[in-house]
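Peer 1: Two chains, two frames, some hints: make the complex.
Going down the list, the sequences are from chains A and B.
Last residue of the first sequence: number 168 in the numbering used here, and the count goes up by one each step with no gaps.
Last residue of the second sequence: number 734 in the numbering used here, and the count goes up by one each step with no gaps.
Quick list of in silico lysine-lysine cross-link-like pairs, DSS-like style, CA-CA up to 30 Å:
(1) B:Lys615 / A:Lys118
(2) A:Lys88 / B:Lys230
(3) B:Lys613 / B:Lys733
(4) B:Lys296 / A:Lys5
(5) B:Lys399 / B:Lys268
(6) B:Lys261 / A:Lys71
(7) B:Lys623 / A:Lys118
(8) A:Lys5 / B:Lys256
(9) B:Lys265 / A:Lys5
(10) A:Lys80 / B:Lys230
(11) A:Lys143 / B:Lys656
(12) B:Lys256 / B:Lys268
(13) A:Lys5 / B:Lys230
(14) A:Lys71 / B:Lys230
(15) B:Lys394 / B:Lys435
(16) B:Lys578 / A:Lys143
(17) B:Lys208 / A:Lys88
(18) B:Lys578 / B:Lys613
(19) B:Lys113 / B:Lys371
(20) B:Lys571 / B:Lys469
(21) B:Lys208 / A:Lys143
(22) A:Lys143 / B:Lys623
(23) B:Lys615 / A:Lys143
(24) A:Lys118 / B:Lys620
(25) B:Lys318 / B:Lys669
(26) B:Lys296 / B:Lys663
(27) B:Lys261 / A:Lys5
(28) B:Lys248 / B:Lys318
(29) A:Lys143 / B:Lys576
(30) B:Lys620 / A:Lys143
(31) B:Lys551 / B:Lys566
(32) B:Lys259 / A:Lys5
(33) B:Lys623 / A:Lys88
Calculated directly from the structure, the hints in this document are not laboratory data.
Being a predicted model, the structure only gives us computed values, none of them experimental.
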Amino acid sequence: MALVKLTINNQPHTIDVDPEMPLLWAIRDVVGLTGTKFGCGVAQCGACTVHLDGAPIRSCSYPASAAAGHKITTIEGLSKNADHPVQKAWIEHQVPQCGYCQSGQIMSAVALLKQNPKPSDEDIDTAMQGNICRCGTYERIRKAIHSASTEMASAPKMPKSTPKIGKL
Amino acid sequence: MSTTPTGTETGTSRRNFLKAAGLSGAAFALGFSSVDSFASPVLNLSGQPGMALPESVELNPYILIEKSGRIVLMNPRPEIGQGTYQSIPALIAEELEVSLDNVTIRQTGGETKYGGMWSQAVGGSGSVRGGYMQMRKVGASAREMLRQAASQQWAVPIGECIAENATIVHKPSGKKLTYGQLAEVAAKLPVPKEPALKDPKQFSMLGKPMPRPDVPLKVAGQATFGIDAKVPGMVYASIERCPVLGSKLVSFDASKSLKVKGVQKAVKVERVVGKNRYEGVAIIADNYWAALQGRKALSVTWDHNNFDTFNSADFENKLRDLAKTDGVQGHNTGDFDKSFADAPNKVEALYETPMVSHSTMEPMNALAHYKPDGKVELWVSSQGGDLVRGDVAKVLNVKPDDITVHILFNGGGFGRRITQDFATEAATLSKTIGKPVKVVWTREDDTQLGPFRPMTFSAMRGALSADGKAIALQHKVISPSIDATMNEKYDKTKADDTMLEGTGDQKYEIPNLNTRYVHADMHVPLTYWRSVTSSTLAFSHECFIDEMAHKAGQDPLAFRMSMLTKDSDAKRVLTKLKEVSGWDNPLPEGKGRGIAQWEFFAGLAGQVVEVSKNKTGGIKVDKVYCVIDLGTVVNPDNVKAQMEGSIAMALTAATKDAITFEKGQAVQKNFDANRMLRINEMPTVEVHILAEGGPTIKGVGEPGLPPLAPALANAIFAATGKRIRRMPFDLEKV
Chain A
1 MALVKLTINN
11 QPHTIDVDPE
21 MPLLWAIRDV
31 VGLTGTKFGC
41 GVAQCGACTV
51 HLDGAPIRSC
61 SYPASAAAGH
71 KITTIEGLSK
81 NADHPVQKAW
91 IEHQVPQCGY
101 CQSGQIMSAV
111 ALLKQNPKPS
121 DEDIDTAMQG
131 NICRCGTYER
141 IRKAIHSAST
151 EMASAPKMPK
161 STPKIGKL
Chain B
1 MSTTPTGTET
11 GTSRRNFLKA
21 AGLSGAAFAL
31 GFSSVDSFAS
41 PVLNLSGQPG
51 MALPESVELN
61 PYILIEKSGR
71 IVLMNPRPEI
81 GQGTYQSIPA
91 LIAEELEVSL
101 DNVTIRQTGG
111 ETKYGGMWSQ
121 AVGGSGSVRG
131 GYMQMRKVGA
141 SAREMLRQAA
151 SQQWAVPIGE
161 CIAENATIVH
171 KPSGKKLTYG
181 QLAEVAAKLP
191 VPKEPALKDP
201 KQFSMLGKPM
211 PRPDVPLKVA
221 GQATFGIDAK
231 VPGMVYASIE
241 RCPVLGSKLV
251 SFDASKSLKV
261 KGVQKAVKVE
271 RVVGKNRYEG
281 VAIIADNYWA
291 ALQGRKALSV
301 TWDHNNFDTF
311 NSADFENKLR
321 DLAKTDGVQG
331 HNTGDFDKSF
341 ADAPNKVEAL
351 YETPMVSHST
361 MEPMNALAHY
371 KPDGKVELWV
381 SSQGGDLVRG
391 DVAKVLNVKP
401 DDITVHILFN
411 GGGFGRRITQ
421 DFATEAATLS
431 KTIGKPVKVV
441 WTREDDTQLG
451 PFRPMTFSAM
461 RGALSADGKA
471 IALQHKVISP
481 SIDATMNEKY
491 DKTKADDTML
501 EGTGDQKYEI
511 PNLNTRYVHA
521 DMHVPLTYWR
531 SVTSSTLAFS
541 HECFIDEMAH
551 KAGQDPLAFR
561 MSMLTKDSDA
571 KRVLTKLKEV
581 SGWDNPLPEG
591 KGRGIAQWEF
601 FAGLAGQVVE
611 VSKNKTGGIK
621 VDKVYCVIDL
631 GTVVNPDNVK
641 AQMEGSIAMA
651 LTAATKDAIT
661 FEKGQAVQKN
671 FDANRMLRIN
681 EMPTVEVHIL
691 AEGGPTIKGV
701 GEPGLPPLAP
711 ALANAIFAAT
721 GKRIRRMPFD
731 LEKV
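Bound-form chain B, shown alone (with noise of 0.2 Å):
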């Protein structure tokens, strides 16, 4: 196997994209035109106007082989742990008719030729299920091409040139010739703006557990993340930025930070998130340690503009308050108002859930050179190359094709790396000193600083029919807006649907469902976090449905099911959870089952959690038992792995800390105040696919992590009789 941990080639024409690739004039692109029908459907999250459909996929290679025969695929989305460096690679390559084994991944860096904003960046589970039929049609127009060059060159009938391990073989005779032997000529003929698929039956990688050919590299500590990237001359960063998120910089005295050693400058640099701009004092050394010292050291004058007034507890209250307004209408059917005036039996309550921090397990961190001809060259973790690229253009006033972005493994993404504030710092910086500055976040300026995923509070009214019948039920939410925090444009009259995410998409048959959003003011940044607002509306809705079903004196998944007549995803999920989890068997004393499923723009999952109460007080979490649904599924070990993962940070967002403020800063710091799930706290998790082929595919990074929480709290009531209507809760005090 032949693999390029730090990946990424770029260059702004296809002469320079080849010369940087490293590759002679051996290499040969397999070209295509701009095709239509390639666009990604799929790939604007949550809906966002801001994060648009890719306005066109222009196809440019993917795919590259040289005369060696050596095959180069381009991957278009950053592995951040999702798998995308294989899975992507391998829809090429199952088409293409070549083995993983026997090709180099590259990462392609934001380049314009690869499609518009969004076309080479991870987020909303999007990247497989978007690029499904996409990327197949890459690998099958050159497989095509290549038929037809040998076709040619053996004067014989194309149907006779068959593709199989990188060769195209004429059946009748045995004549063979490679990849790398046909590259030149069919790269001149035209494109095929349609090739044959694959029947999926004839598939050799694709649906069966691949290994993953980054693995062998990340147990060799030889993969290359963002922070492990050197350049000569580069120097390092270490910025102070205020604690008080909206603090202004009044004067800083570096003078005892000049006197460690190894420290060479300090210097003010701006970091920018969304509309918001944050004053810093960076630090410039020789180490990252002298730069750490030499932050110590520093003194900073800082206006907090009545910022360190704001606390969560206030703000709490402020939700509480706002809870009792009417707010602006989301989904509607029916008649909320008058069916649940007239109904005899009714439940309200209100949930509450916090904000939290992406932590992932790499620091932000960029490296930027800024270089004397106003060209600038950036090595990071980040979620888009495009992205990274769009973002630095503004903020340094630069050509977007003036700039080179190397996307490296990114240690953990989980939405945060959506938000390019590092790289911009590090590029800003880079144009200020005049030399490539490595910026590293510490832990605590990764705690601290945000963007985070926003609080929602849920006020929830249910109606039970006199025969226990849910007719009724509204969801309004209470939050401030990620798009609010991020856009000056944010128009506060308008449902909020990415704060309503879900809320009016269950397939249960209640006949008068309203949703409403009232929006709550806050200056502290958010962002998108895996599963984005499902991964708290999830929590109050599948926790309210349980109660509806304890006032209608029913069993919950019964209960579920009741209101699932017709045949949905979401009624062969509760079906296929209720077999395997083995529903009907009774638990004995001290232990309990939950339930919940949710269905949102990425998905579509379902869980059963089971607990039991421990002898020493507390909840232990014995087994999650987790039902996908997926329609086609491309690597279902991957797949498991997503799910497992999914439920370990649902299960750390429900049971571990909340970002609080006091003070207007966030209290948690570290991992000993902002703890994460640990190995002796992870259930054991049982995962069944639904994917019986055919065109639907669903997502994956995210939808195996909205009902554990629901289906955690409702475990909890199951076993102790106790309603959680707040996250996080302590397991222990439970």
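Bound-form chain A, shown alone (with noise of 0.2 Å):
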């Protein structure tokens, strides 16, 4: 065990836990933020998906102490209101069935915008690739992704930062 700190939607958390747990298990059972899921447990379905400094990482395979000093963004982090452009095009479009990977989805896909504004459905899809929706609702996805290209390309450009590339 050993004592880990983590910066978590701008919050601090020191935790003491065995430093191979994997992030998603530090934020849902230690941290208590449960938005974030546990699909595979092996890197191969993105419902974990949160940001470490701007950049999408899948938090069940990446250790929760190799993410100290870095900045975690959760879904619940995204925006105060769910009010980030691509949670409203995920509702505009009504794109969740059951939900559970959605999460995810929508880590990943700000992150995708945050790379490539305008993505093309080519884009969206080598992007995309990496999450898996049981319910069937990519076409939503590949829908709401272009609005909210749409609708960022409209609003007040916020700060430009780069983001790291993460290890997916």
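Peer 2: Below, the structure written as structure tokens:
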């Protein structure tokens, strides 16, 4: 066991865990934020996607200790009132069915739009391939990402930061 | 909008109910006496005797109104992604004249006051078609009681009291009373048994695309799924169960597990799946990661009892041998044997389909607390609060009324969460260790341990007249049986209706039609999977119809239409498909289209699939046209979503990975080997809904699934000349 200092959604947390504990379980079981989901445990499904310094990572396969000193964002920290353009587009297109994979889908979509504000269908397919949706909401995900892209292009520009490319 | 993601409030009496619901004495339940006509006609899954109609639907409070005017609607049908969190409350709200934006929706938890077994379960695409009249009457009765209360208070004729937007308005004077102001008086009035229902033309919600109230919660990460439930003092469990199904636990050594920081205990636990009992060892820990580490360190000795010799290749050979036997008769019209023997043109083929997993994105899990007073409380993602109560009561020998169930959002169901093994595991463990226990299955557990969708083999024989008319068809199903793997009392001498599902129900006018069933014993547990056996039998049946069409030298759609001379829903579906898919427009070289339709207990849909040959080899699915026949539609946008989802799931089952066994265990463990369709593989889907209104209402959750695999295989034949008779088939290698 070791003390690990995490910054999640701009809040500092010091937790006493096995340093090998995946970030997913630190976020869910120890810190208590349950919006990030467990799907496969082996970085195959994307349900656990969070941002590390703005880049998407699979938190089920990322040791909590390795996330220390980095800025972690979960679905809960994406926006104050669930009003990020991607979240709004997800509502507009009624994307979720069961909804279980959607936190991960949204985190992947936000990261995509940060790197590529005007993605083509092909770009979306490439970036979103790591996120499984068993309910088959893929067509709506594509449409929602295009909507969010349009919305973000018309919104005032945010200060630009260069996200590091994280390990998927 | 006010919604309660954690949803369920329960209790054994109305008083406790109100208390538990966090409502003060200011809340009044509008109660309903038992009205037989409210009973649902369609809630048996696939006609299984063990899954009969609800014994009765006791209408107790579905509607709670607080003095503040807050309206709580109790939803008896768990949300598994199919939209019942909205569709069922919408049926009540439409007649009650309230907006869903102003109500709180809560899930019921299997309480007997809402009816018998299956009254609070989801399956068989039955929630809306079963509740369409029932739930509207629930809303209409309450509305009439509120109008009556206002009319008495104002001493005016009831005809002058109009319900609108949670208020009764006296039209001549403009006086108004809110439902909150009227609830106390209204609750004391007699319940109208046959309240007037709105004319569908007056509907403000039903039949129009409605945004779902669970969507904002789900995009905010705020929807509480079973796996998210937490109670004070709870511990986590991961259970080592033998992947060689049927093995007995000889001994275990947990000494290394107990050295893992956070691990508290290792205890035996039994998993119950129908008639099957599986032993396992649970590692109890402070957090789930510690439980997993403890499980890895565990050493277990199993007695495989010869089950480790079971493998898919041998079992498939057994099915092929059994295909040569007669089996028992299911449906029969005319004289198949004679007409087949005498026919000038014959077609024969054997179709093969595999077991598949449900693979809900949320792995199986449950949180249970067996309390010192012998009462049990559970928080769970399940397809039925009543099913949870029933199974926990049986396994733990507890009275159902001593069990409180909180049904949370299900991260997918697809039939898997009809089996409550995860709930009984958690409850058993909690009783053993005296603490609330959350059991979470790993993806490997979820993939390897079943219950699975059964494989079916189909021996097809068809005969054509000299002028190309279908004169005889035999569909013989050779398979293990869901019912046989679940129930001790399975009767092998009878045709298994579930395993023959739909084969005798297609509207094709074939004068000699015979269906037969050959049972194959198998120990691997099987269960319902979205669209049940139609998910495999439609493939064999509708591909074989295509083979007959080609043998007859006819266009596959024209051939089908020639067998539909009388008016029928199937004929209307095919007519619409022909129109919307541009069936008669020639496709360029290298492309092909195929058609299939399927009618079964849940409903009816047809699809045309367009494919193209890749330059580099293999097949790409370009587009799917889908026509679903409903009669009446509640939320068209959700119907569209369900069609998209059914097509994605069917495409996965048709073209990705089967569950196969070697040395007694499932070979596939996680999504690397048990692949799911991904976004780059999703075709464009165009949905058309046939819904002219009227009394007919058909299911939505499942009918979009069965036509996809046969329509796809038929399209591949059209594009390449290659006939596919076995699922799954790899599109890259076609």
